[in-house]
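Student: One letter stands for each residue in the lines below.
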Amino acid sequence: MLRVIGKRLALLVPTLFGLSVLLFLWVRGLPGGPATALLGERATPEAVARVNELYGFDEPILLQYFTYMGKLLQGDFGTSIITGRPVLEEFATRFPATLELSVVALIFAIGVGIPLGYMAARHYGKLVDHGSVVLSLIGITVPVFFLAFIFKYLFAIQWPILPPDGRQNPRINATHVTDFYVLDGILTGEYDAAWDAFQHLILPGLALGTIPLAIIVRITRASVLEVQNADYVRTARAKGLMERTIRSRFILRNAMLPVVTTIGLQTGLLISGAVLTETVFAFPGIGSFLRDAIFELDYPVLQGFVIFIAILYALINLLVDVSYSVIDPRVRVQ
Amino acid sequence: MSTVLPPAAGGPTSPTTDPSLAEGGGTGLWKDAFRRLRRNPQAIAGAIIIGLFLLVAALAPILAPYGGEALPGRTEITPTNIPGPGELAEYPLGLDRFGGDVLSKLIWGAQASLLIGVISTAIGLAGGMLLGLLAGGLGGWVDSVIMRFVDILLSVPNLLLAVSIAAILGQGPYAVMIAIGASQLPIFARLLRSSMLSQRGSDYILAAQTLGLSKRTITMSHLLPNSVGPVIVQATLSLATAVIDAAALSFLGLGGGVPQTAEWGRMLTYAQRELASDPYLAFLPGACIAITALGFTLLGESLREALDPKTRQK
Chain Z
1 MLRVIGKRLA
11 LLVPTLFGLS
21 VLLFLWVRGL
31 PGGPATALLG
41 ERATPEAVAR
51 VNELYGFDEP
61 ILLQYFTYMG
71 KLLQGDFGTS
81 IITGRPVLEE
91 FATRFPATLE
101 LSVVALIFAI
111 GVGIPLGYMA
121 ARHYGKLVDH
131 GSVVLSLIGI
141 TVPVFFLAFI
151 FKYLFAIQWP
161 ILPPDGRQNP
171 RINATHVTDF
181 YVLDGILTGE
191 YDAAWDAFQH
201 LILPGLALGT
211 IPLAIIVRIT
221 RASVLEVQNA
231 DYVRTARAKG
241 LMERTIRSRF
251 ILRNAMLPVV
261 TTIGLQTGLL
271 ISGAVLTETV
281 FAFPGIGSFL
291 RDAIFELDYP
301 VLQGFVIFIA
311 ILYALINLLV
321 DVSYSVIDPR
331 VRVQ
Chain L
1 MSTVLPPAAG
11 GPTSPTTDPS
21 LAEGGGTGLW
31 KDAFRRLRRN
41 PQAIAGAIII
51 GLFLLVAALA
61 PILAPYGGEA
71 LPGRTEITPT
81 NIPGPGELAE
91 YPLGLDRFGG
101 DVLSKLIWGA
111 QASLLIGVIS
121 TAIGLAGGML
131 LGLLAGGLGG
141 WVDSVIMRFV
151 DILLSVPNLL
161 LAVSIAAILG
171 QGPYAVMIAI
181 GASQLPIFAR
191 LLRSSMLSQR
201 GSDYILAAQT
211 LGLSKRTITM
221 SHLLPNSVGP
231 VIVQATLSLA
241 TAVIDAAALS
251 FLGLGGGVPQ
261 TAEWGRMLTY
271 AQRELASDPY
281 LAFLPGACIA
291 ITALGFTLLG
301 ESLREALDPK
311 TRQK
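Those protein sequences? They're chains Z and L, same order as listed.
Numbering follows my numbering, in which position 67 of the first sequence is assigned residue number 67; successive positions increment by one, without gaps.
Numbering follows my numbering, in which position 157 of the second sequence is assigned residue number 157; successive positions increment by one, without gaps.
Hints listed in this document are in silico derivations from the structure and should not be mistaken for laboratory results.
None of these values were measured; they are calculated from a predicted model.
Heads up, a few of these hints could be off.
[Claimed, not checked] Covered stretches of chain Z, going by a simulated chain L footprint (3 or more residues, C-beta under 8 Å):
| id | stretch |
| --- | --- |
| 1 | 61-75 |
| 2 | 149-162 |
| 3 | 181-195 |
| 4 | 198-210 |
| 5 | 298-310 |
Every residue gets a Cβ at the ideal spot worked out from N, C-alpha and C, and that includes glycine.
Isolated chain L, as found in the complex:
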């Protein structure tokens, strides 16, 4: 990196103690990446989208006019007519076939989707990093066994793996979280392992070995922190996939709970019959899924760009 210049005028100060460099230099990998992210409109857009959805999800109890599974408009719907957006003042986005308030369900759905997305990615990340760390750190037969296991998981498409796991765990949000997490695990394991392998021959590892540091210290405090970059990027992108996959699983009927559960994928399942008469029932939750996924994708890709050594000098 060219940003670290020797201190001017022969002063004996090291770069870390020089206040001007510590403040404005931004020489650390992550500090540098963050600085570049702030200047990238794509990253800002992604962050704003996610921030908004997070805010809505967190404030759902205050923002939503009705409870997630409440059916306040039960008496308003008839077999031939479901009041749409703007038809009744107390239900600004209309009602669904059960008499649920669409606006409230979208708001509670944000909470459900983000929670499932974040928790399932966290499960996949934790499991995948553990496997990757063991494989990349220990090597040898442990590496072979773990990688064969990962290969088996990778031999089935992601969504189908999630479907199979959710089917055995029984229907419900926890099954969906574990299933999606498990389906993402192989990617993280692979990424961390290959990233660690590529760092292994680096000079700083050699230096640490020469200093006589233990293998554990080298792996945990040197190799791991320098290898997590690609994994973090993938985790951000995986959040988008997780939100979409969670919606897909619950669209396929694996979400569990009562039919009127406030969950975006579920809302789409029940919008099928009324597509011709009340298309908003499908379009609103569908747009919510797409926009959330867009937010995570924008942020993830900007992060990838910011951390990529090829583009970093800009």
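Next up, chain Z with everything else stripped away, as it sits in the complex:
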């Protein structure tokens, strides 16, 4: 098992190396060059010349690449143009918010998606099935930012039962230990702060979780449909096993493989959705920061973000592969 993980991590190296070359060339290829990227569009020629000298942008390109790589490996992603602080530091302060949001979205998507998909397959052709198929089709075709608008309008404006934006009511004087606001509230015993932070997570979490939900429903449904007529299920029935055992040990477990792959893929994609969702709900996570970075063309942030996401994405995929062998003993043997 460890060897498999090691091998997968080793395979990651060439991909990340290639990505770093692309990103390096990307910033070098910007109109106005990297100095403009650092200083912004409205930089004076003198300032550009000064930055070129200071950062060594006038040196040979290969040398520049090695300098850049060296910094990258030490975790130096450069400085944000918007805030003037190191990119990595900016990510570190904002990532907990996005992670918290993603967890809520995923719990919603998995918690509703798997049972719904399973029920749809069990009652194939019945009302539950048709309903879930239509629902998942809507989930796939409605853009996440539009869905966010609908939720915000319905539950924060029309019937104001949930907060429309932000991460926590600024009037609550909450203590922050971990930067995960809900967890902070529970740890410090400030339950009202935890509850308030959680309420702020509901609407963006539901909006963000709808696409993965729709996809999980479809995959679960298709997978259960395929598995439930398999020969080994018939054999299990013939053996006289209890229906509950057949369903949980034979059908559900075997149907889970493609679902786990899907969940992994969707977890990686949540970040793209977070950019849009956080924008609508003014949620101060990494997504809304990226939106500002796009608006202001903050290249160090964009560059750092792409690498950050690529690593995250790869780690999630690795996790998926590892979980295969937990679910499916056949994979373990190979």
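Assemble chain L onto chain Z, guided by the hints.
Tutor: Here is chain L on its own, set in the frame of chain Z:
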């Protein structure tokens, strides 16, 4: 396929010259798929939706009461009030914050969105198929190099890849098209390559090799036509993604042009502030994006079903 029966009563006619089979047989893969599509209500619904939007997009100059960026209602709006749907007879769907006619903008927006969606998917399809063809056709180190490149592109989520590319190309519709096209390229490359690889050991390829056909002829006239099925299905589904992603990019401010540009994603960006007072400004363009995406998804999935050998016998 069981539909090809030997000619009855010992006649020496081959299946292709027999008129009864040529007309009603529908033995070709695509002919067969098309026949099944016509009977699928899901496919019909998708086709009607797309047909309607295409019609609206094509006839935009005739249908739209005003120009896309025109602000005919400039004088009607005040800081506290934007006339909504039905309030003024000359603007049936109301005005936006700039004084633009919402109905006209939705109609011109259909043109913009479909154009961006189709062109960007065409870019992705062309680039992806070229890479896939090279990788699957030539194999060896070309295959390895291309697939590593595709892996790198796949290591970043689609939308972020598009955002990064659009950011470097500068803002504007062309940047959005190229960015979305490039972000879709890896899927097409992979699909075509794997589809070609799976066909490689088939009997008909072996037959072509035995006949002594050149590798190029085999690849181009035998392997490629038999491998494009999954790619075409994916392209139809990608059209939905392209329309949504284009709206997302312009929602994030990468679309370029003036703020009042008639583009669905852009309309949503500027609807944020007036969500409480004028929700229709967000709901109308949002619904347009969703319905267009629905049309392409329905059609794409029916096509997948129609081409799937598992369901084809039905």
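Student: Compare the structure with each hint and give your call.
Tutor: Right, here's what the structure says about each hint:
no. : hint    : verdict
1   : 61-75   : violated (count 0)
2   : 149-162 : holds (count 5)
3   : 181-195 : violated (count 0)
4   : 198-210 : violated (count 0)
5   : 298-310 : holds (count 6)
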